[in-house]
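A.B. asks: Listed here are the chains, written in short residue letters.
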Amino acid sequence: MYPIVRKEILSASVKLFDLKAPLVAAKAKAGQFFILRSDEKGERIPLTIADFDREQGTITAIFQEIGAGTRLLGQLEAGDAVLDVVGPLGVPSEIERFDGPVVVVGGGVGIAPIYPIARALKEAGNRVVSIIGARNKELLFWEEKMAAVSDELIVCTDDGSYGRKGFVTDALKDFYEANKDLQRVWAIGPMPMMRAIANTTRPMGVHTIVSMNPLMMDGTGMCGACRVLVGGETKFACVDGPEFDGHLVDFDLALKRLTIYRDEEKRALAALEHHHEGGRCGCH
Amino acid sequence: MSLKEKIRQEMPCQDPQVRRANFDEVALGYTEEQAVKEAARCIQCKKPKCREGCPVEVLIPDFIKAVAERDFAGAAVKLKEKNALPAICGRVCPQESQCEEKCILGIKSEPVAIGRLERFVADWEMAQGASATEAAPAKGAKVAVIGAGPAGLTCAAELAKLGYAVTVFEALHTAGGVLMYGIPEFRLPKAIVDKEIANLRQLGVELQFNVVIGPSMTVEELMNEQGYAAVFLGTGAGLPNFMGIPGENLCGVFSANEFLTRTNLMKGFRFPEYGTPVKLGRKVAVLGAGNVAMDAARTAVRLGAEEVTIVYRRSDKEMPARAEEIEHAREEGVQFKLLTNPVEIIGDENGWVKAMKCLRYELGEPDASGRRKPVAIPGSEFVMDMDTVIVAIGTGPNPLATKSTAGLELNRRGNIVADEEGRTSIPGVFAGGDIVTGAATVILAMGAGKKAAQAIDAYITAKAAEAAN
Ligand SMILES: Cc1cc2nc3c(=O)[nH]c(=O)nc-3n(C[C@H](O)[C@H](O)[C@H](O)COP(=O)(O)OP(=O)(O)OC[C@H]3O[C@@H](n4cnc5c(N)ncnc54)[C@H](O)[C@@H]3O)c2cc1C
Ligand SMILES: Cc1cc2nc3c(=O)[nH]c(=O)nc-3n(C[C@H](O)[C@H](O)[C@H](O)COP(=O)(O)OP(=O)(O)OC[C@H]3O[C@@H](n4cnc5c(N)ncnc54)[C@H](O)[C@@H]3O)c2cc1C
Ligand code: SF4
Ligand code: SF4
Ligand code: FES
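Chains L and A, in that order, are what the protein sequence lines are.
Numbers given in our numbering equal positions in the first sequence, counted from 1, plus 756.
Numbers given in our numbering equal positions in the second sequence, counted from 1, plus 116.
Don't take every hint at face value.
Claimed, not checked - For lysine-lysine, the following DSS-like pairs were computed, each having C-alpha atoms within a straight-line distance of at most 30 Å:
#, chain 1, residue 1, chain 2, residue 2
1, L, Lys-1012, A, Lys-383
2, L, Lys-797, A, Lys-311
3, L, Lys-771, A, Lys-383
4, A, Lys-399, L, Lys-991
5, A, Lys-433, A, Lys-165
6, L, Lys-893, L, Lys-771
7, A, Lys-395, L, Lys-797
8, A, Lys-181, A, Lys-122
9, A, Lys-519, L, Lys-991
10, A, Lys-399, L, Lys-1012
11, L, Lys-991, A, Lys-395
12, A, Lys-489, A, Lys-433
13, A, Lys-163, A, Lys-218
14, A, Lys-383, L, Lys-1022
15, A, Lys-224, A, Lys-165
16, A, Lys-519, L, Lys-776
17, A, Lys-519, L, Lys-878
18, L, Lys-797, A, Lys-399
19, L, Lys-1012, L, Lys-1022
20, A, Lys-258, A, Lys-198
21, A, Lys-395, L, Lys-1012
22, A, Lys-122, A, Lys-224
23, A, Lys-473, L, Lys-1012
24, A, Lys-395, L, Lys-1022
25, A, Lys-470, L, Lys-1012
26, A, Lys-153, A, Lys-122
27, L, Lys-901, L, Lys-771
28, L, Lys-776, A, Lys-383
29, A, Lys-470, L, Lys-991
30, A, Lys-258, L, Lys-776
31, A, Lys-383, L, Lys-991
32, A, Lys-218, A, Lys-165
33, A, Lys-399, L, Lys-1022
34, A, Lys-218, A, Lys-153
35, A, Lys-181, A, Lys-153
36, A, Lys-473, L, Lys-991
37, L, Lys-797, A, Lys-306
38, L, Lys-785, A, Lys-519
39, L, Lys-1022, A, Lys-470
40, A, Lys-383, L, Lys-797
Keep in mind the hints are simulated off the structure, nothing from the lab.
Being a predicted model, the structure only gives us computed values, none of them experimental.
Assemble the whole structure, with the sequences as input and the hints as a guide.
C.D. replies: Shown next as structure tokens:
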């Protein structure tokens, strides 16, 4: 069992857990993820390692409640435990020292996974400019943490309820206009956002890395559920990624592949909500 | 001896119409009467050919003799001398190309049903309750076994019996490897695998789940920092192959590994009670004709698909699956489209599979494997309507442990290079099973695990002697 040592509610549907998982904490690097299973009947849910404390042996996960799996997870409290935690998985981000500014972009829950990358880039001596965005102020989190590892932090909200009004792509474009020596961009967030960022940087010719979040199961390269098409080649996100060249990823296909189990997911959610169909509500 | 039965005892099975709708075991096992009768067919050859066909040289005539004499406990002892997991092998070995292929009775009539007898004895013994196996006095050395598939489990058991402190590190949340996530319940009940694992624990073997050797911990760390005197790599096959044809990433195209793991390991057939869904359309094509393909096809039938078709580019003689599984699949209504191979998977506007374009084949000259090579018939293209395609055309080696172990020699395909005893290019690091041979069989993986255990013992003993001098 892997205890939840701390829980924080970041917004109505976004929760944070610090999990005791010494093996994962000891090895975690920016860009990697882990897989957890809350209980015997649960799905294997991949989540990014948003932070880690090697001494305490803990890792931090921030997750959005989307379907039945993450909803059930969100019901757990500090002091509870999850059944399985395995990791770190995936290839770590390539962190090097660049001769010019680098930009990291985090959209929505994507702020969590972009944080360790920003920190690693900063520690490597880079000039790090961070752009974080959300639909509204309520959905923003970790502004201070991001500020602490950035030379400059630009905050955007779609509705202008906080920071700059507009999309992260606009902020990135403006930054590039003033800083043509931009070296590299990392973007993590919902797939449409990553695609928009990639489309923005393509004409600039700035190498852009995105972190793909396809459906996964084992996370060890065994099942092929996580395949993504990159530059016309099939890659397994769990072992070849999750980071890929954003200009080469086939986002259309990736978005379609996320819908494979949509009907089933609806069924699971309905079962959870209406306590029927033998849903895992604990009442049967 | 003239009263010997010519025909072997038939295996009692669940009715095909009933079993199409459940995941319970298909073959029910011999009764005592049947087992004794079948055992009496064996003529106790002085030079038993059957043993030559068995990769671990089970003492076949000896255990069968005991069965004929109704000494089932004695039969179990004989059987287990060479085979640690007979309940599993009796069920999944490709007997018709191993022990039974060589049985002398097969020349004139039917071979002795060695596999069925093996299963009978193992099941009988399990029903009596576990017999405590004694471990040898502790040797004071630790060995790490990576991967809890048949190779790793067998290696661990052997080492524990020799007195080593053994820890098994497994990436998944449960032990068994393919026995657990690949081979379905209706062919190998998971309770049997669980029992074997319980036996292992009784021997004092420690199992650590959720540890991926490579990313979570390296082989080097195990040996240099954690004091393991030797490491056995039994990480098996992973990385499913795809065909490299257009459309294979469409929604509705799954690897057999994904489909079977969702169903078996994650219990997707009980969704939504269990959280992991399995997706299945009405018309399912399974590409390939090995055990994996049969398992996928028969699982699809059980999950309610209306039409399930095996698509294979050779003819039925070349199908690599166990004969019994092919027969069972046919009985359950699986269709076979042989000498056929897809060239493209066609999608609809939403990115879902809707059809498969195929070519017909004919058999040409024998190829390197001795099988007649299928040759495409020009102009034979046709389209099959389909909404699900399950790809079961083999797997490559699991790369995580091998990639992270510097100095470990791999072959072109990425399999570990190891000698007969499992020694790799790194002293103290041994390997066996699918990670060495490529996708093979349970019994070969077990045989490799056992041999490696003996080599590990020899290695550690020699090293200790060296240190003492
Ligand atoms: C490498 C990796 C890292 C991830 N890191 C994080 C993270 O740090 N925080 C976080 O909140 N989420 C993260 N995700 C996504 C997270 O795993 C999914 O949201 C979760 O598995 C959904 O499970 P569910 O049962 O709640 O929803 P489901 O019922 O399975 O799905 C509900 C809806 O969510 C969509 N969906 C399903 N899986 C994913 C997915 N993997 N990504 C995006 N949408 C999905 C489906 O299309 C569906 O419409 C990550 C995914 C991957 C592969
Ligand atoms: C669907 C299917 C049906 C089959 N049917 C038959 C049959 O009827 N008869 C037959 O003889 N054979 C059959 N086989 C083949 C047989 O199952 C395999 O040959 C056998 O399981 C190989 O054993 P193994 O121990 O080498 O590997 P596996 O069984 O693959 O086990 C390897 C284990 O190592 C773990 N692992 C991998 N990497 C790591 C890592 N880095 N760290 C920690 N753990 C790791 C894996 O999670 C897995 O549990 C079938 C295979 C499949 C897939
Ligand atoms: S282990 Fe397999 S090959 Fe050997 S005797 Fe038993 S069934 Fe036959
Ligand atoms: S070859 Fe056949 S008949 Fe001869 S000992 Fe073996 S099983 Fe018996
Ligand atoms: S999640 Fe199974 S191969 Fe990547």
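A.B. asks: Run every hint past the structure and note whether it holds.
C.D. replies: Hint check results:
| no. | hint | result |
| --- | --- | --- |
| 1 | Lys-1012/L - Lys-383/A | holds, 25 Å |
| 2 | Lys-797/L - Lys-311/A | holds, 21 Å |
| 3 | Lys-771/L - Lys-383/A | holds, 28 Å |
| 4 | Lys-399/A - Lys-991/L | holds, 27 Å |
| 5 | Lys-433/A - Lys-165/A | holds, 24 Å |
| 6 | Lys-893/L - Lys-771/L | holds, 16 Å |
| 7 | Lys-395/A - Lys-797/L | holds, 18 Å |
| 8 | Lys-181/A - Lys-122/A | holds, 18 Å |
| 9 | Lys-519/A - Lys-991/L | holds, 17 Å |
| 10 | Lys-399/A - Lys-1012/L | holds, 21 Å |
| 11 | Lys-991/L - Lys-395/A | holds, 22 Å |
| 12 | Lys-489/A - Lys-433/A | holds, 12 Å |
| 13 | Lys-163/A - Lys-218/A | holds, 11 Å |
| 14 | Lys-383/A - Lys-1022/L | holds, 18 Å |
| 15 | Lys-224/A - Lys-165/A | holds, 15 Å |
| 16 | Lys-519/A - Lys-776/L | holds, 27 Å |
| 17 | Lys-519/A - Lys-878/L | holds, 29 Å |
| 18 | Lys-797/L - Lys-399/A | holds, 29 Å |
| 19 | Lys-1012/L - Lys-1022/L | holds, 16 Å |
| 20 | Lys-258/A - Lys-198/A | holds, 24 Å |
| 21 | Lys-395/A - Lys-1012/L | holds, 15 Å |
| 22 | Lys-122/A - Lys-224/A | holds, 9 Å |
| 23 | Lys-473/A - Lys-1012/L | holds, 22 Å |
| 24 | Lys-395/A - Lys-1022/L | holds, 13 Å |
| 25 | Lys-470/A - Lys-1012/L | holds, 15 Å |
| 26 | Lys-153/A - Lys-122/A | holds, 11 Å |
| 27 | Lys-901/L - Lys-771/L | holds, 16 Å |
| 28 | Lys-776/L - Lys-383/A | holds, 27 Å |
| 29 | Lys-470/A - Lys-991/L | holds, 23 Å |
| 30 | Lys-258/A - Lys-776/L | holds, 27 Å |
| 31 | Lys-383/A - Lys-991/L | holds, 27 Å |
| 32 | Lys-218/A - Lys-165/A | holds, 5 Å |
| 33 | Lys-399/A - Lys-1022/L | holds, 23 Å |
| 34 | Lys-218/A - Lys-153/A | holds, 20 Å |
| 35 | Lys-181/A - Lys-153/A | holds, 11 Å |
| 36 | Lys-473/A - Lys-991/L | holds, 24 Å |
| 37 | Lys-797/L - Lys-306/A | holds, 16 Å |
| 38 | Lys-785/L - Lys-519/A | holds, 18 Å |
| 39 | Lys-1022/L - Lys-470/A | holds, 23 Å |
| 40 | Lys-383/A - Lys-797/L | holds, 8 Å |
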